[in-house]
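Line by line, the protein sequences give chains W and L. For what it's worth, the numbering used here labels the leading residue of the first sequence as 1, then goes sequentially. For what it's worth, the numbering used here labels the leading residue of the second sequence as 1, then goes sequentially.
Don't take each hint at face value.
Stated by the list, open to error - One-sided excerpt, in silico: chain W residues whose CB lies under 7 Å from chain L: (1) 12; (2) 15; (3) 19; (4) 110; (5) 113; (6) 288; (7) 440; (8) 447; (9) 451.
Worth flagging that the hints you see were computed from the coordinates, not collected in a lab. Glycine included, each C-beta is placed from N, C-alpha and C at the ideal position.
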Amino acid sequence: MSKSPKQKKKMNRLYLLMLVLVLATVTVLAGCGSSKQTSQTSTGGSSNSSVSSPSGSSGDNSANSGKTVKLTLWSIATDLDQQMIRDETDKFNKAQSAIQVTPQFFENDPYKDKLRIALGSGNAPDIFFNWGGGPLADYVKAGHVADLTDLLNNQFVDYKNKFPDSVWGPATVDGRIYGIPTEGSAVELLYYNKALFAQYNLNPPETWDDLLHAVRVLKENGVAPIVLEGKSQWPEMIWVQYLTIRIGGPQVFEKIAKGEPNAWSDPAVIKALEYVQELVDMGAFQNGYASMDCCKNQAEAMLASGKAGMLAQGSWVYNTILNNYPEMIEEGNLGFVPFPTIDPQYSKAVVGAPSAYYSVSSKTESVEAAMTYLSEVNYNDAEVDILINQLGQIPPVKGVEDLLKVSPNADFQLWMYDLIAQADTVQLYWDQYLSATTAKILLDNISKLFIKQITPQQFVDNMNQTLGK
Amino acid sequence: MNWNDIVHVIGFPLKIRMVETLLFRRLNLKLFLLLIPALLFFFVFVIFPVFKALHTSFFEDDGINPPSWVGLSNWETVLRSRDIYHSLWLTVEVMILCWVVQTPLSLLLGLFLSKERRSTNILSVFYFTPLLFSAAVVGIAWGYILNPNFGLLAAILTKVFGVSTVPDLLGNPRVVIFTLVAVISWQFIPFHTLLYQSGARSIPAALYEAAELDGVNAWTRLWHITIPQMKNTIITSSVLILTGSLTYFDLIFVLTNGGPGDASNVIALEMYKTAFQQYQFGLGSVVAIIMTIFGLLLSLVLVKVTGFSRMESQMEGV
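Next up, chain L with everything else stripped away, as it sits in the complex:
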């Protein structure tokens, strides 16, 4: 490898054809070498753990004794119990509710913030702060706010509104999922607002001018121009919401620990509890693999349905 080769590798897109022909073999070797750090990271933290988990799922491992081979019996145990299906169903509920709550709100907030006004700068800062906290901090803070005996919400309801029984938002099994979705949304709407904000700003003004000439109202403008133009942003944001809520753990763990009972025991929590609270790492690994498969299926479906890989542009014809 000499300096000449390096120069050819680093620059000059116009000359890539030439470079390819002259230095083809060396170019690819260098490319791969430059890719090694990222690939190593990916391999160590993504690929290897999946295979290790698959490996562990065939053993009985309680963390303090050497693991012993049990073949498919862990898989049988997990797939035969109702817990895994309950967890998967809860996870799907959380995913759908998160999308339904976060997308419209983020979209509207993003549109609002995208117009240049004096207030938007200050408001943006405030709207953005929930994103800066870690999930554990958010969980502890909201745990105290929602505490029906000592919390801020309880104090406001009883002292200001004179409510006699404060609703137990985190301890009522029928309501807990909604409470969790509300807190998760509080944490992540700022992020999606940011996405929609920049998405909205990139819509060419020419389209709105044409609409004005045609005399359309605000709703038609929103539905027929803004949203279609932001299709790619909506897809990105939706993919992030869905994949993020599939594996969401920290906040739910801190707020409810999967409870009350198992009313908020989403799949990530089920995996954690089986492995680290019941000390059955073999069974926990089975749950982990199921979660991985679920995630892969979700990704495949999303890519297909949204046409993500086709990489169309909304600017065609503008």
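Chain W on its own, in the form it takes in the complex:
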């Protein structure tokens, strides 16, 4: 029975080896099996796709042969906007039981990552908010988004006719439509505090020289000339994008978007970056701009309280100020101008989007159910009314101009409507135009430029390397 030490050692090693092999096999099999399981048996959890269960309500004549379709919707709406979506969805859910929709809301910046990971791992929501453009094209090419063209041209053609043709652009890939418009048209512009400008006898910052003068005067008087949300990176991109357009025209970026070699080396880009660094050297941005996050009401608070003079942001900020600092608007203190002009021939271009989009996952239980929900809730009369009158937005539906004229926010909305209508180009935000990977590299480089960690030339060299990928 007793064995020599050598044989004992050998037996130990044998057992250990067997154990390791068993464990390895078990682990690998577990790893392989789980991903299939999650997509088949999605139960519970906030990020799982639709579950179909036998209809609970008795005696219901639903068109879907007695099964309730449960859909999840992901959005980044906040404040009243979020409330509106919840209310309208509730009404929809209560009016029938064939389709039940659960909306879920996320913060703007984390949402982008969360959505992508959900799509890639097979846990996508049925309906998801997005900005169209490059990232949506990425998802479409990877097969994650449902093609809505046929449904829109047939069953839901009345709904499709609610919108002007121009709205479908950012959601179209290879001639097919992959998104339904939602939220309002958006432009990026320059807000300023009228009271401050009046106090220091400043002209509204309509030209670049006006802006530089305002920066100097405000700085001398201890006010932060411009409030900038540097930590979120994309608010810094607003400056770079607009300066490039104002100096060299929208065609500069169009070459970049096509992937032309060395397109980033265009002199307009380098000049724009130098202008940015000039602003940084002048101390134009508030103390701590590199660590301020967007979308937390901080920048708006500084603008509204007179601690900062100007803010370059999107028209959605009008909502935020309307909801959180209404006195600023009531007192006529919120000024808004298009981004300052530099070369007059490029002064009519705007950066913005006709709308954002709701897309439907290709793995959803029923694309038709999703479209039914969207056609009945998204931009229904109640929503259009709230968007215009309570949120100061412009829904991109036909005939909206008449509705805008009677809105309490008509000043801003009609101004914005005209701005878009008269624009010779509406360029999508760069980080939504480019693929997600390139966009992130762009944002990182912009962020480094704004704290002068890299020179304009280094920026251009870094970005040129991303072309053609």
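Chain L: place on chain W using the hints.
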């Protein structure tokens, strides 16, 4: 397997020799079976991910398309760019600074708390609370405190001390690493204080009595008795600080997201950003493997230098 065998396996250290001879084969099988849960855990959460990451590092994977083989090109890309070296350097900076700040403070606090006084019980509770919060909570709270426009520190500096420009501790690329080390230290000094506290209590009083008879002063007592006696505690605490700060992610992510620019882009953040913000999981895996290798090297060096594995006792000769 019968009850007799189980009884022999579970108890009686004195009889292990006998048991070994009589039941050798079965004893080892049972030992391994009992070890399975822990080994399984270790395998699933430690060994397997390392090999999976190594595997992914040879593919181009953007998260929404099926991965495609690219061989060593990811490795080339990462090792040729300056980002990885910058991240590694920042990580080393954080590791060294964390050790330099936390060890002396924890040591002194631990010594202070180890003496039985009325105040130490209450003080211990207060000193311990930072450890109870998650890194994300600590990050959000300190993010607000340090906010140069809206934060508590800003309010105190401007209203109480009349400072005109509040320093931007989290947005200044030259200072951000120090700010981060300060907040990390705030969170973890309580833990190391606890280690040193119990280490200090286990020093035999006889040594101090002998020192008193010889008439040594406080500094000599500290340097020649206390610290050498706590050698093992110091080693444990140092190893934890160094290995912990190598992979530290949560707090830095919440406070600065690697910024401003890439001034606080330590290696764990570089890995996260490459994989989950640039959506390049292949490249991210390369960074992950580099981080793993770095950690392994660090562990080997630490074990060698500190003589950890020799398991000497400081009580020899006492």
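Results of checking the hints against the structure:
no. : hint : verdict
1   : 12   : holds, 6 Å
2   : 15   : holds, 5 Å
3   : 19   : holds, 5 Å
4   : 110  : violated, 11 Å
5   : 113  : holds, 6 Å
6   : 288  : holds, 3 Å
7   : 440  : holds, 5 Å
8   : 447  : holds, 5 Å
9   : 451  : holds, 5 Å
Violated hints amount to a single one, hint 4; each of the other numbered hints is respected by the structure.
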